[in-house]
Amino acid sequence: MTRGFLTSVIGFLVYALLQVMLFQELVLFRYAFCLIYVAYILLLPMETNSLTLMILGFILGLFVDMFYNSLGIHASSLVMVAYLRNYWLGVITPQGGYDAGLAPTLAANGLQWFMVYTIPLVFLHHTILFFTEAGGFGLFWFTVLKIMASTVFTSGMIIVLQYLAGGSRR
Amino acid sequence: MQRLLHFLYEYRAFFTFLILQLLCVWMIVQNNQYQGAQFFNTSNRVAAGVSGTTQDVKNYFALRRINDELSEENKSLRQKLEQREQAIQYLTLKRDSVFDTDIVERFEFVNAKVVNNSTARFKNFITINRGAEEGVEPGMAVINDNRAVGKVKAVSDHYSVIISLLNIDEQSSVLIKRTGHFGTVQWDGTDPRFIDLKYIPRHVVPLVGDSIVTSDFNAVFPPNVFVGIIRQTRLSESDQFHEIDVELAQDFGKLAYVQVVKSRLKREKDSLENIIIGEPK
Numbered sequence: 706m707t708r709g710f711l712t713s714v715i716g717f718l719v720y721a722l723l724q725v726m727l728f729q730e731l732v733l734f735r736y737a738f739c740l741i742y743v744a745y746i747l748l749l750p751m752e753t754n755s756l757t758l759m760i761l762g763f764i765l766g767l768f769v770d771m772f773y774n775s776l777g778i779h780a781s782s783l784v785m786v787a788y789l790r791n792y793w794l795g796v797i798t799p800q801g802g803y804d805a806g807l808a809p810t811l812a813a814n815g816l817q818w819f820m821v822y823t824i825p826l827v828f829l830h831h832t833i834l835f836f837t838e839a840g841g842f843g844l845f846w847f848t849v850l851k852i853m854a855s856t857v858f859t860s861g862m863i864i865v866l867q868y869l870a871g872g873s874r875r
Numbered sequence: 121m122q123r124l125l126h127f128l129y130e131y132r133a134f135f136t137f138l139i140l141q142l143l144c145v146w147m148i149v150q151n152n153q154y155q156g157a158q159f160f161n162t163s164n165r166v167a168a169g170v171s172g173t174t175q176d177v178k179n180y181f182a183l184r185r186i187n188d189e190l191s192e193e194n195k196s197l198r199q200k201l202e203q204r205e206q207a208i209q210y211l212t213l214k215r216d217s218v219f220d221t222d223i224v225e226r227f228e229f230v231n232a233k234v235v236n237n238s239t240a241r242f243k244n245f246i247t248i249n250r251g252a253e254e255g256v257e258p259g260m261a262v263i264n265d266n267r268a269v270g271k272v273k274a275v276s277d278h279y280s281v282i283i284s285l286l287n288i289d290e291q292s293s294v295l296i297k298r299t300g301h302f303g304t305v306q307w308d309g310t311d312p313r314f315i316d317l318k319y320i321p322r323h324v325v326p327l328v329g330d331s332i333v334t335s336d337f338n339a340v341f342p343p344n345v346f347v348g349i350i351r352q353t354r355l356s357e358s359d360q361f362h363e364i365d366v367e368l369a370q371d372f373g374k375l376a377y378v379q380v381v382k383s384r385l386k387r388e389k390d391s392l393e394n395i396i397i398g399e400p401k
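Quick note, the sequences are listed as chains W and P, same order.
If you read the first sequence in my numbering, its first letter stands for residue 706, the second for the next number, and so on.
If you read the second sequence in my numbering, its first letter stands for residue 121, the second for the next number, and so on.
Bear in mind the hints are in silico, worked out from the structure with no lab data behind them.
One thing to keep in mind: the hints can contain errors.
To be verified - Derived list of chain W stretches under chain P, where covered just means 3 residues or more per stretch with a C-beta under 8 angstroms from a C-beta of chain P:
| no. | stretch |
| --- | --- |
| 1 | 753–760 |
| 2 | 807–820 |
Stated by the list, open to error - Residues from chain W that keep clear of chain P, each with C-beta distances beyond 10 angstroms, as calculated:
| no. | residue |
| --- | --- |
| 3 | L711 |
| 4 | F717 |
| 5 | V719 |
| 6 | M726 |
| 7 | G766 |
| 8 | T798 |
| 9 | Q800 |
| 10 | G802 |
| 11 | F828 |
| 12 | F842 |
| 13 | L844 |
| 14 | V865 |
| 15 | Q867 |
| 16 | Y868 |
| 17 | L869 |
| 18 | A870 |
Using N, Cα and C, we set each Cβ at its ideal position, and we do this for glycine too.
Okay, chain P solo, but in the shape it has when bound (with noise of 0.2 angstroms):
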């Protein structure tokens, strides 16, 4: 026993080493899988604060860049208001059509500022200020003016922390809108400005221009919200699908200001499909 505890001793060094290592080896495992360690993020308090100075500072430079892509947003915001107030006369007009408000007010959207992000890193986060105060909760997709962002990992009362679509983890359903076949996009860890388009079957003839939206399958984004289009295909001989590369509607290094879609519909609808799938794993 007490050669045991001597050994001990004479390694110490190499024991607390090996301890802290498992102890490191636990926590990216434990932060791999989603909606891991819940505090231990920018989503907490004090590190959400400090990242939220230095955003500050950035943001002070970058005013006039960002009340121009405001005030872009707003007209093109005005142009849709109008074409939806055209769009409801022409349905009350219309008076025994079906108009089921539960639809049409399905999704609601919580404005918050980012006051943290990055694109130049394989798995990037992005944090903004708002939390489940505001009734932001993980899952919920984040979009900036109808474009892909990413969606919500963790959430404290303040803050949330966003997956963004540049992290070589985050797969998202989409389809190409002018045929109308799925897909599934993912980062692969490079060029911030692309991302992958992926299970595209040969039968398939991608264009260059095609715009890729949401598919109505995807679980976190609401349908057609657009994610990119494509630039370049590439297909061989043995090759059962498409290699394609999607330039990204949004410059994620531009990221200023975005939106949480909120769902009303999602929990109705993820129960019925509890009820004939079984719980999402």
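Here chain W stands alone, though its shape is the one from the complex (with noise of 0.2 angstroms):
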């Protein structure tokens, strides 16, 4: 089929493989989790549409719940998010609106930009992501600690990528 097509089957089979395989083990000081898998659905292009994101989503999701035995919990996360990222990125629109044609990168909008992008739908996910998987508020402070933590190592890892990836591109 198409390039984008192809493009977002590669992307999904990288990100999924990275979470499972190496992210997976790596968890710092037992609070920071990298769930680096979020930033696939981040950054589809603009013009993507929510069911596209959405579906997308929930098979990732159920993908990288499998690894974690945690049927439903991921999924239902990163729909959350996915349903999300469309209207947050019309929250969002800077000055003089998006280029056309564009990923919602952080080469193409700036770092700022990026960052106001990422941070709160990784805190998002992760706030939902843990609150399930505690099974309610018993453990309200030391889940809140994980969900920032996780939140800081998520994002930084994303915009880490981001640089690594965005210097062949331009």
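Please assemble the complex out of the two chains, which come individually in their own frames, going by the hints.
The structure is reproduced here in structure tokens:
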């Protein structure tokens, strides 16, 4: 099919495998988890519609769930992110709008914009994920600490990867 | 009708969102039930294969430590074997004593390698490379050198997923070895070195250093499997039970090999209890 389609499929596999083979093992101080696969949904092209985003998010989430033995939890949080992504993109449109045909990347919109875009969505994802896993608010502060640490870790890693990947694309 | 369709189409994103979320919630609930979804977990071949590769790489860096542990275990097993032989000789000398081989050999062990393990989540699971083909069944106990590890949740042909003791949903019946009082251990989700011991009544005096072992009432573990040692006890005026922190005997971060315990008499015991009490829930 189209080139864009092929890129999305390869991206899907890369993020899924990175998550389950590398980042699943990478937990800092038992608090900070790196759930890099969120970046896949965040970085799909601007004009991807919510339906596609949600279905891709659902499949990717299920795939990760399979490896975490947590059927449904990652899928649920990622579908939430996929649903809200385009609204959030609308809210934080920079002056003069987005350039047509570009992905919402750091290279296209700058570091400040990218952080405003990424961090709240990652935070939301982690909040849903960890509270669902904990099965309620019994361990509230411990869970909050986990969410904070993981948000920093995941967002940081996404930004670092943007710099690594962005260099070759420019 | 047309307006309804138009309405649905207008908000199709929201409705898809709703449907997908409901699906997720349904799956989460399903998976929480014991022996829930059997396929979408690390016991399926693809997932276990990928996890196994990762674990192989990790194990390579831990070879020295694993070797040390195995030789240590060998040593202790040899020692036990020696003791056992002494005991058997003693028993055969006492010809008239009852020596029921069914009871002596009621447990059988399946050795397995850990291919996936976690300790930092709220619900931790362990995947091992033995499954239904080797006789592993859901509900069996998993130990490592007589230290409690967890119980089998789901099996595929060649792999099994184990609910680790480090899982906030998992409870096990245990007893304080010194006093013989029963309680329940359940992980609180924070520190993987400690587990909470609950339901020890006020009148019992647990001491720091007491051993905690699995009880005879335990539906999963054989009796006398080592769980841990009491490290701290608290009892306030209004509490009905002690709050006890138990340091786990097994370091879950270092798990490389485990044994699945097959109990030959479990079925007999369960079916006998069924007759009296009825089907377990």
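Status of the hints after comparison with the structure:
1. 753–760: This one holds; 5 residues, not fewer than the three required, reach chain P with a Cβ under 8 angstroms.
2. 807–820: violated (count 0)
3. L711: holds (22 angstroms)
4. F717: Holds: least Cβ distance 15 angstroms, greater than 10 angstroms.
5. V719: holds (14 angstroms)
6. M726: violated (5 angstroms)
7. G766: violated (8 angstroms)
8. T798: holds (19 angstroms)
9. Q800: holds (27 angstroms)
10. G802: holds (22 angstroms)
11. F828: holds (19 angstroms)
12. F842: Label holds. Min Cβ-Cβ 12 angstroms, cutoff 10 angstroms.
13. L844: For L844/W, whose nearest Cβ neighbour in chain P is about 5 angstroms away, the distance does not exceed 10 angstroms, so it is violated.
14. V865: Given a closest Cβ separation of 22 angstroms, the condition holds.
15. Q867: The claim holds: Q867/W sits with its nearest Cβ about 25 angstroms from chain P, beyond 10 angstroms.
16. Y868: Per Cβ check, Y868/W is outside 10 angstroms of chain P; nearest 26 angstroms; holds.
17. L869: It holds; L869/W is separated from chain P by about 22 angstroms at its closest Cβ, greater than 10 angstroms.
18. A870: For A870/W, whose nearest Cβ neighbour in chain P is about 23 angstroms away, the distance exceeds 10 angstroms, so it holds.
When each numbered hint is compared with the structure, violations occur for hints 2, 6, 7 and 13.
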